[in-house]
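Please construct the entire structure, taking both the sequences and the accompanying hints into account.
Using my numbering, read the sequence shown as starting at 265 and increasing by one per residue.
Keep in mind that the hints were calculated from the coordinates and are not lab data. Heads up, none of these hints are tricks.
The calculated DSS-like cross-link candidates involving lysine-lysine, where the alpha carbons are at most 30 angstroms apart (straight line), are:
| hint | residue 1 | residue 2 |
| --- | --- | --- |
| 1 | K527 | K613 |
| 2 | K540 | K527 |
| 3 | K321 | K280 |
| 4 | K616 | K520 |
| 5 | K484 | K308 |
| 6 | K308 | K596 |
| 7 | K441 | K370 |
| 8 | K277 | K484 |
| 9 | K277 | K307 |
| 10 | K484 | K560 |
| 11 | K520 | K484 |
| 12 | K560 | K540 |
| 13 | K401 | K420 |
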Amino acid sequence: MKTSNFSESQIIKALKENEQGRSVSEISRELGIDKSTFYYWRKKYGGMEKQELKRLKELEEENRKLKQMYADVSLDNKMLKDILSKKFLSSADKIERAKYLLEQYKLSIVRICLLVGLCRSMWYYQSKKDDTEVIDKLSELVEQYPTRGFDEYYHKIRREGLVWNRKRVLRVYRLMKLSLRRKHKKRLITRVKQPLETSQVLNECWSMDFMSDLLTDGRKVRVFNVLDDCNREAIAIEARLSYPARAVIETLENLKQEIGTPKYIRCDNGSEFISKTFVNWCEKNFIEIKYTQPGKPMQNGYIERFNRFFREDILDAFYFNDIYQLQRLADKWREDYNFNHPHKALGNKSPKEYKSRFDEEFKFFIKSE
Numbered sequence: 265m266k267t268s269n270f271s272e273s274q275i276i277k278a279l280k281e282n283e284q285g286r287s288v289s290e291i292s293r294e295l296g297i298d299k300s301t302f303y304y305w306r307k308k309y310g311g312m313e314k315q316e317l318k319r320l321k322e323l324e325e326e327n328r329k330l331k332q333m334y335a336d337v338s339l340d341n342k343m344l345k346d347i348l349s350k351k352f353l354s355s356a357d358k359i360e361r362a363k364y365l366l367e368q369y370k371l372s373i374v375r376i377c378l379l380v381g382l383c384r385s386m387w388y389y390q391s392k393k394d395d396t397e398v399i400d401k402l403s404e405l406v407e408q409y410p411t412r413g414f415d416e417y418y419h420k421i422r423r424e425g426l427v428w429n430r431k432r433v434l435r436v437y438r439l440m441k442l443s444l445r446r447k448h449k450k451r452l453i454t455r456v457k458q459p460l461e462t463s464q465v466l467n468e469c470w471s472m473d474f475m476s477d478l479l480t481d482g483r484k485v486r487v488f489n490v491l492d493d494c495n496r497e498a499i500a501i502e503a504r505l506s507y508p509a510r511a512v513i514e515t516l517e518n519l520k521q522e523i524g525t526p527k528y529i530r531c532d533n534g535s536e537f538i539s540k541t542f543v544n545w546c547e548k549n550f551i552e553i554k555y556t557q558p559g560k561p562m563q564n565g566y567i568e569r570f571n572r573f574f575r576e577d578i579l580d581a582f583y584f585n586d587i588y589q590l591q592r593l594a595d596k597w598r599e600d601y602n603f604n605h606p607h608k609a610l611g612n613k614s615p616k617e618y619k620s621r622f623d624e625e626f627k628f629f630i631k632s633e
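And the structure:
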């Protein structure tokens, strides 16, 4: 469960209602949580008032910041006393002081450069020509105008009466690695709208999607869901801390051994689904990928509805200490969903009940043959 679902005041209110005689079952049902979550709240916040809890949070955060600030300032002060015995202004002097600090204190280059006021590009720069004046001038401009590019720096240099050749300044600029990285929006292939048609044959079309949540220690977890469009059966619910394309292929290979492969797969444009690894695997197994259009989750409505049920019943109702606890709850929920969850589109039958109809028709067909 993500920590932002309920505020501290809501939790305190729920605990007060329990102290006044209201049962845990009623409160848990109203809030959409499991009883274990309520007991977790009682253990953590029991006996506190709203103002006390708020003040405790503020003090903890303030104490953490002060400790971190004190540690950083103490170390910085010690290092500055060590290197400020002589005044240094040039970049060469700063580099020498930075090398000394790196050898003595074994800190990161980033922190040392910040401490001595040295641009990191200068730390890595290897001079081949005497471009000290150009380097110093560019460093000065970068410090004054950190978000500007080469053209503006060069025009400022010329306006000051410095007649350095443009190619020379550009060469030094690039050697100092001052070029700004341009952010290009990733362009997706234009997707043709695919109608959300109900499959009439089992194992013909699968819908797939990812969900995300957090463990109690703050680590992010991803859940991979696979649904059969014909009878809405949850074929797979797999939880992992990381779920790259190769892990998706591993899950699909396991399903292939159990029930075979579908004719179509419907999914969004996530990085796992547009990767060459996934596309090549689908081509190898003669599977057509039906991509939804970007920003149109309703085009994959079956799995989106399924995700809502799973989030309400599991992800929003429990705290997860580790990935194994989440997987156990997911497996138990998937079994209950497949055998007991009614669907209006299936005539209020569960996925397994609806699937049994196909099995009976198949047996009848075999007998008639």
